[in-house]
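A.B. asks: In case you want the letters, here they are:
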Amino acid sequence: MKTGGHIVSSFSCVDILVALYFGGILKVAPENPEWEERDRFILSKGHGETALYAVLASKGFFPEEWIDTSYRRNDCRLGGHPDVKTPGVEVTSGALGHGLGLAAGISLAAKMDGKSHLQFVLLGDAECTEGSVWEAALFASKQGLDNLIAIIDRNHIGSIDFTENYTSLEPFPDKWKAFGWAVRSCDGHNFKDLLDVFNYSKTHENKKPLVVIAETVKGKGVSFMENSPVWHACALTKEDEIRQAREELRRCEDENV
Amino acid sequence: MKMSSIDMRDAFIGELYGRARLDKNIIFMSNEYGAPSLDQFRDDLPGQFVNAAISEQNLISTAAGMAMGGKRVYVYSIASFITLRCLEQIKIDLCCMRVPVTIIGVGSCYAYSVDGPTHHATEDISLMRAMANMQIYSPADSNATASLVDVSLNSSDPMYIRLDKGKHPLLYEKNYDVSPGYSVFGDGEDICIVATGTMVHRAIEIGAELRKHSVGTRIIDMYRLKPVSPGNILQAIGRPKKVFTIEEHTIHGGLGSIIAEIMMDANLTIPFRRFAISDDLLYAYGERANLQRCRMLDVDSVVKSILEGEFFRRGVQNVV
Chain A
1 MKTGGHIVSS FSCVDILVAL YFGGILKVAP ENPEWEERDR FILSKGHGET
51 ALYAVLASKG FFPEEWIDTS YRRNDCRLGG HPDVKTPGVE VTSGALGHGL
101 GLAAGISLAA KMDGKSHLQF VLLGDAECTE GSVWEAALFA SKQGLDNLIA
151 IIDRNHIGSI DFTENYTSLE PFPDKWKAFG WAVRSCDGHN FKDLLDVFNY
201 SKTHENKKPL VVIAETVKGK GVSFMENSPV WHACALTKED EIRQAREELR
251 RCEDENV
Chain B
258 MKMSSIDMRD AFIGELYGRA RLDKNIIFMS NEYGAPSLDQ FRDDLPGQFV
308 NAAISEQNLI STAAGMAMGG KRVYVYSIAS FITLRCLEQI KIDLCCMRVP
358 VTIIGVGSCY AYSVDGPTHH ATEDISLMRA MANMQIYSPA DSNATASLVD
408 VSLNSSDPMY IRLDKGKHPL LYEKNYDVSP GYSVFGDGED ICIVATGTMV
458 HRAIEIGAEL RKHSVGTRII DMYRLKPVSP GNILQAIGRP KKVFTIEEHT
508 IHGGLGSIIA EIMMDANLTI PFRRFAISDD LLYAYGERAN LQRCRMLDVD
558 SVVKSILEGE FFRRGVQNVV
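From first to last, the protein sequence lines stand for chains A and B. Per the working numbering, numbering through the first sequence is continuous, rising by one, with the last residue being 257. Per the working numbering, numbering through the second sequence is continuous, rising by one, with the last residue being 577.
Warning: the hint list may mix true and false statements.
[As the list claims (entries may be wrong)] With a straight-line cut-off of 20 Å between C-alpha atoms, the simulated DMTMM-like cross-links for lysine to aspartate or glutamate are:
#1 K348(B) / D83(A)
#2 K111(A) / E34(A)
#3 K142(A) / E289(B)
#4 K111(A) / D522(B)
#5 K281(B) / E130(A)
#6 K175(A) / D146(A)
#7 K281(B) / D113(A)
#8 K348(B) / E130(A)
#9 K424(B) / E272(B)
#10 K85(A) / E272(B)
#11 K115(A) / D280(B)
[Said to hold, decoys possible] FRET-style restraints, in silico, Cβ to Cβ:
#12 R276(B) / K59(A): 35 to 45 Å
#13 S413(B) / G180(A): 27 to 37 Å
#14 D68(A) / D537(B): 53 to 63 Å
#15 G180(A) / M521(B): 48 to 58 Å
[Stated by the list, open to error] Not the full set, but computed from the structure, chain A residues with beta-carbon under 10 Å of chain B:
#16 R40
#17 V84
#18 T86
#19 V91
#20 G94
#21 L102
#22 A104
#23 I106
#24 L108
#25 M112
#26 K115
#27 G131
#28 A140
Read the hints as simulated data drawn from the structure, not as lab findings. In this text, a Cβ means the ideal position worked out from N, Cα and C, and glycines have one as well.
Using the sequences provided together with the hints, build the complete structure.
C.D. replies: Here you go:
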């Protein structure tokens, strides 16, 4: 059985998740995941589940041993894509192009009721070729949802190729601006940069939803996986590759401390 | 039989309007689709109406999001569009997460008779019943339709209500209790005809014609198509000589399939035939009756077919 998970897609977005959950951005209560006043985080790119599980476990939403004993296995609690049965997971995702609309609906309901919680949605850049993303983008700007923050993991790679080889996301910021969104770009692997823009997102109130385009590297931190489309759904299985990946990630960690 | 004074959708929206005035959590979302009764809702309750534009995928996702945020959400559109265009949103955002949004699809079957196959909702039952946790209602008159407001407000699961257009004869009193999911007309023991939606009226007309030929009929109105209670339906069918289903819906997976499954699961092998739409789309335009004639679903064709009984000799291959 293949138990690898979507590793490279998770490496491109894990710094974003760490900034949100451990940088004092998201207002959440691991001991009470259903807390009504919580900020909502929606992983629209469901194939970032490996990163999400690691962060939720570290945050205390569920025991860390679930990662070892209960991930992508028979009788598991943590599936190959996130689902609502897992504490801390807001929505079932995995099919692309759903998260932004779901978050827009939650945001509109919150506005109607005068509630102050925020909705953060993480989308893949290649996910943005789904038409439903742009339906939601039109809806959110017209409804003035400044309690909605979309974050795009701009790693420039889809499932089998570089995005600009098969579609035209660029000029990406201009497209969002034209749809009525406020746009910020940042380095998706630089915590200072991420925290600056996320702290801004918590205060911005200009009747516009905000999109943060986070420039990232797919497979970040492991030299032979970085920027290589073939790794999208591949598991690390060879002993020497696992050893090298661990060493390189440890070095990354030391540099970031 | 007394004719209803209002369209089915106006019956539903009118009833809902009364509840929405008292409960601001009731939200009505449309994709640029109107109704006379909706004008009053929009004028009086602008904060509870969302025109979500012609974007069915986003309509379902945002409705699900709003329901997660504590709202009681109604999604309103043309039946064919709001079931097919956004099927994956219905599956994941509503059914996988058991979010109690109510979808009101207007224009079941050939209701948009002059508008062609793009507007014909002839696959919706089949697709919606394949969705886990989805409830399906298909009422035959405006009073049964209005009763569904209460059902939907109290539901903890997603629901699809398929409504016909126009005014139809009244079969039920106001505040009719729809909890059984079906009702029975007539007590004939020769044949049983099961129908849904406004085809129940055709079935009653067919029954009246057959009585002239001394064939006793019993008509079942299946206004709830999911969930069904097989035991109750089998009891309602009884032990007639023949069982028929009639529907303006593809023969694949609709009412006929539901009844066939119930009967086969119970090893009930009464001679059986489905009157439904064969496996192609209809490029015919004009009056509803004309389209039904094209499909041999009009009263004369069905009565003739039942009386001649030819289908029992030819076997099922000619039906599909």
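A.B. asks: Next step is simple, just say for each hint if it's right about the structure.
C.D. replies: Hints, one by one, checked against the model:
Note on K348(B) and D83(A): the hinted pairing holds, with a Cα-Cα distance of about 14 Å set against a maximum of 20 Å. For the given pair, K111(A) sits about 19 Å from E34(A) by alpha-carbon distance, which is consistent with the 20 Å threshold. Under the criterion of a C-alpha separation no larger than 20 Å, the hint pairing K142(A) with E289(B) is consistent with the structure, at around 15 Å. For the given pair, K111(A) sits about 50 Å from D522(B) by alpha-carbon distance, which is inconsistent with the 20 Å threshold.
Proposed proximity of K281(B) and E130(A) is contradicted: the alpha carbons are some 33 Å apart, above 20 Å. Taking the CA atoms of K175(A) and D146(A), the gap is about 18 Å. The hint holds against a cut of 20 Å. Between the alpha carbons of K281(B) and D113(A) the distance comes to roughly 10 Å, so the proposed pair stays at or under 20 Å and holds. A distance of roughly 17 Å separates the Cα atoms of K348(B) and E130(A); the hinted pair therefore holds under the 20 Å criterion.
At roughly 16 Å between alpha-carbon atoms, K424(B) and E272(B) fall within 20 Å of each other, so this suggested pair holds. With a C-alpha separation of about 36 Å, the suggested pairing of K85(A) with E272(B) is violated against the 20 Å cut-off. With a C-alpha separation of about 18 Å, the suggested pairing of K115(A) with D280(B) holds against the 20 Å cut-off. Taking the beta carbon of each, R276(B) and K59(A) are about 41 Å apart, inside 35 to 45 Å as hinted.
Between S413(B) and G180(A) the beta carbon distance is about 36 Å. The supplied range of 27 to 37 Å therefore holds. The hint said 53 to 63 Å for the Cβ distance between D68(A) and D537(B), and at roughly 55 Å that hint holds. In this structure the supplied range 48 to 58 Å holds for G180(A) paired with M521(B), their Cβ-Cβ distance being about 55 Å. Taken as an interface hint, R40(A) checks out: its beta carbon lies about 9 Å from the nearest beta carbon of chain B, inside 10 Å.
For the restraint placing V84(A) at the interface with chain B, the shortest Cβ-Cβ distance is roughly 5 Å, inside the 10 Å limit, so the hint holds. At a threshold of 10 Å, the smallest CB-CB gap from T86(A) to chain B is about 13 Å, leaving the interface hint violated. Annotation: interface hint on V91(A) holds; nearest CB of chain B at approximately 7 Å, less than 10 Å. For G94(A), the shortest C-beta to C-beta distance to chain B is roughly 8 Å, which falls under 10 Å, so the interface hint holds.
The restraint placing L102(A) at the interface with chain B holds, with a minimum CB-CB distance near 4 Å, inside the 10 Å limit. Interface hint status for A104(A): upheld, as the beta-carbon distance to the closest one in chain B is roughly 5 Å, under 10 Å. A distance limit of 10 Å between C-beta atoms decides the matter here; for I106(A) the minimum to chain B is near 4 Å, and the interface restraint holds. The beta carbon of L108(A) comes within 6 Å of a beta carbon in chain B, closer than 10 Å, and the hint placing it at the interface holds.
Using the Cβ-Cβ criterion of 10 Å, the hint placing M112(A) at the interface with chain B is satisfied: the shortest such distance is roughly 7 Å. At its closest, the beta carbon of K115(A) sits 8 Å from a beta carbon of chain B; the interface hint therefore holds under the 10 Å criterion. Nearest Cβ of chain B to the Cβ of G131(A): about 7 Å, under the 10 Å cut. The hint holds. This hint holds: A140(A) has a C-beta 9 Å from the nearest C-beta of chain B, less than the 10 Å allowed.
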